[in-house]
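Below, each chain spelled out in residue letters.
There are 2 protein chains.
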Amino acid sequence: MATKAKTAITPTRAENYPEWYQQVVRRADLAETSAVRGCMVIKPWGCALWENYQRVLDGMFKATGHRNAYFPLFIPKRFLEKEAEHVDGFAKECAVVTHHRLEAGPDGGLVPAGELEEPLIVRPTSETIIGDAFSRWIESYRDLPLLINQWANVVRWEMRTRLFLRTSEFLWQEGHTAHATPEEAMEETERMLDVYADFAENWMAMPVITGEKTAGERFPGAVRTLCIEAMMQDRKALQAGTSHFLGQNFAKAQDITYQSEEGRLEHCWTTSWGVSTRLVGAMVMTHGDDDGLRLPPRLAPAHVVILPMTGRAQDPEAVLNYCRKIADDLRVIPFHGRHIEVEIDTRDLRGGEKNWQWVRRGVPIRLEVGERDMAGDSVFMARRDKGHKDKESVDRTAFVSRAHEILEEIQATLYEQAAAFRDANTCEIDSEAEFREYFAAPEGEPTPPHGGFAWAHFCGDEAVEDRINDEMGVTVRCIPCSGGEPGTCIFTGKPSEKRVVWAKSY
Amino acid sequence: MATKAKTAITPTRAENYPEWYQQVVRRADLAETSAVRGCMVIKPWGCALWENYQRVLDGMFKATGHRNAYFPLFIPKRFLEKEAEHVDGFAKECAVVTHHRLEAGPDGGLVPAGELEEPLIVRPTSETIIGDAFSRWIESYRDLPLLINQWANVVRWEMRTRLFLRTSEFLWQEGHTAHATPEEAMEETERMLDVYADFAENWMAMPVITGEKTAGERFPGAVRTLCIEAMMQDRKALQAGTSHFLGQNFAKAQDITYQSEEGRLEHCWTTSWGVSTRLVGAMVMTHGDDDGLRLPPRLAPAHVVILPMTGRAQDPEAVLNYCRKIADDLRVIPFHGRHIEVEIDTRDLRGGEKNWQWVRRGVPIRLEVGERDMAGDSVFMARRDKGHKDKESVDRTAFVSRAHEILEEIQATLYEQAAAFRDANTCEIDSEAEFREYFAAPEGEPTPPHGGFAWAHFCGDEAVEDRINDEMGVTVRCIPCSGGEPGTCIFTGKPSEKRVVWAKSY
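Protein chains in written order, with the working numbering: chain L, 117 to 622; chain A, 117 to 622.
Some clues are possibly wrong.
Which copy is meant is left open, because identical chains are indistinguishable; a pair holds if it fits in one copy or across any two.
Claimed, not checked - Derived EDC-like pairs: lysine to aspartate or glutamate, alpha-carbon spacing no greater than 20 Å straight-line:
#, residue 1, residue 2
1, 178, 167
2, 208, 219
3, 614, 546
4, 507, 484
Quick caveat, the hints were computed from the structure, so don't treat them as lab data.
Please work from the sequences and hints to get the whole structure.
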């Protein structure tokens, strides 16, 4: 067991899922906690992963006509005060800058000095400051639609934080758009939800349900909030991205107007949408296993790691050259907007230690290459979608020519496994008793949560939703976008338009 | 003149250089001031330009073995207190977070609440917080060198701000590295200075002098500060990038140690280096003319803009299709890590207004395309390195096949013009009287500055440097890295190792 602790993840998912998650994030070198309460350090492996998220999403945003801009980190207090609901939502948990200097204090330490006339808030989200710019940039219908995205850090003062999932500072993108009609704005809101779903499913290999939030779960100030919801391996839901139709609420609060073709002054219709570094946590919890992270190849910072076994080699340089040749051959193969990326790990470490490090980091393919492999013109291959002992000797040229295909197989396997897990933990529920049983802790299994995704008819009564949440910690994750037939609410017996998705959630 | 104000930049460089600069930044749609004191909004055109800077620099950093990571925005007050010189340098001008909530106040507005036990500083630079991580990450000589870069926003509370050149919040990259020996750390410091010089000269088309700062101009806490210095069109110097050898100062303050191969515990030798959005301002001031911005093609967000003249066309769609064909043909031509980027401007605006907008934005090549051009299978081309009236009809296929070459010509022209300007405003000076005359305001020319780069012998006496700065606003920009012969200080008559570069500066 002492050996196991140094290699695989302790505890396992079954033993303690939340702790398993924290251990994977740390031992896969994704991130760590910092000396600043609730703020994380994103380590190089985690940062490279996030950069891949950014590159792909940024391409999708540009392909749908958006341009990036950058707005101030600070928001004047009076801006937050403009939209009442928005204030309530964000004023409770923000970092407030009150001084602009440190001076030597009486005890020799530094004390804040130079009090600001108006406190500044470190942006928790940028609707208000971007709205201020929009009110200047937009004059006539010719300036619409205005389609802007920002990549930025934001701060929300969180009491209980978890690496990636809930941190006081996080990285994200926030799209902000203004339109002439509610139809166009709603179309944009839906378009960006589809972009997020596409990214989650086809890049992260993470199946999602697209839907709409109930009133109680809406973004503060929004008219409608759409979302994508994924199931983690503890059967809890994770909200992986949101897209908000803001109506004219922010446009009216911030005077975002345009002159129509007919010469009338009208308020714009606006949207906002965002995904964050939380999606890194979602990937860990969707694909990780008891050996660590498993990376979908389309986003992996490295696709293939080559471990030269030179320790007892008669001619270590020849082995290294053989490895370099394989790497060179792989690096010219295109793979989803880049090329197959290869690391050759020549560090002065024990082979087993190195191998386990790459297992934990989730690299899709590992190649062990020693003199015997070189003699046979082969490689000793391990795939991260198979068990860590499942290795096979493969002809070198056959491997190189199949590498792209193997990566696509791994991508597909991860998606299929996640989808199968979700489907196995999803059911239709037709009575409150059945619902309560589904989400109740079974005897002898003390670790929450239980159940999974429960598709049940619901009349939409907010009081019922609140009660179920208070009693059981279960909420409506979304009203699914597609399909569904009318029925009867399992709680009230009133009519229901369609089944909604209930789950415990992050 | 009223017409001119709508097209070219008012005032001209000769009339009022600082105001010309602000106008170019605004009218080229690079950036604007915001409602937050000293913070700017980087508009889409400016953001796209900065993204190109980032892409190229990031590639250079990775090619020299660096990996990106991300560290907290906030720095605990006690961290800043650790390195005395560093505190003095940054405590004076920082944003201090003291509360983590806003609550309804007596007058109905919001007031800060939830006072923090320890104030947090919004990072002005990250040596201290990254050093804290390094002290955990580094155990043995096997972990060295540790080569990390961060792309981030930083805040320095500035009293007098100017878009891009000096803003309270700015975007930058900061490299932080740790090494086993002073030689390796100094080699890294020089390597990154060379990367900056390469970027400035070969991408920004901006000639720079590489050199070392005198003691008074060093980064707070550094042992040596290297820099690149460029000449703006008002003949003032602009520090365009710095690379610091920090010795063991930060390693000792922050306990960054490693176990050597011999088993001894040693302090690391560290470096840091950075460039910022200030480089966007440097580009404006190096290449801009009285018509606006001129972009070096290797960094331009768009290389070619096509203006379809469809207003009086009999078949506007045919003209548009002809334009699209040209764009398609150009977009497959590789150009320095991307492809030739083309905009087709079909906005519902007057042709003259559109044309001037692209002139001001500095796009290297503009093509006006109407029915007559289509009939002749040609394009009407204007190059931004020539006067705005200097347009010529060019055969379409000849243009497409020459486009890459024309862009390289424009890149070279911008560099040559900047180098010629600098050389024309640089001289060797051999006496204090001559020096004073060179930098004094000539009769009837009230607008500073005067002179340019004065290469003069200097003994290095800090008191002399301070006096010259106080009296004339002239400082040593750098002690050049290369060349130089011993001589006699023009101020003290003492021996001088080599000529140093004096100038007024930003």
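Comparing the hints with the structure gives:
{"no.": "1", "hint": "178 x 167", "verdict": "both (16 Å within a copy, 13 Å between copies)"}
{"no.": "2", "hint": "208 x 219", "verdict": "between (29 Å within a copy, 7 Å between copies)"}
{"no.": "3", "hint": "614 x 546", "verdict": "within (12 Å within a copy, 88 Å between copies)"}
{"no.": "4", "hint": "507 x 484", "verdict": "within (9 Å within a copy, 62 Å between copies)"}
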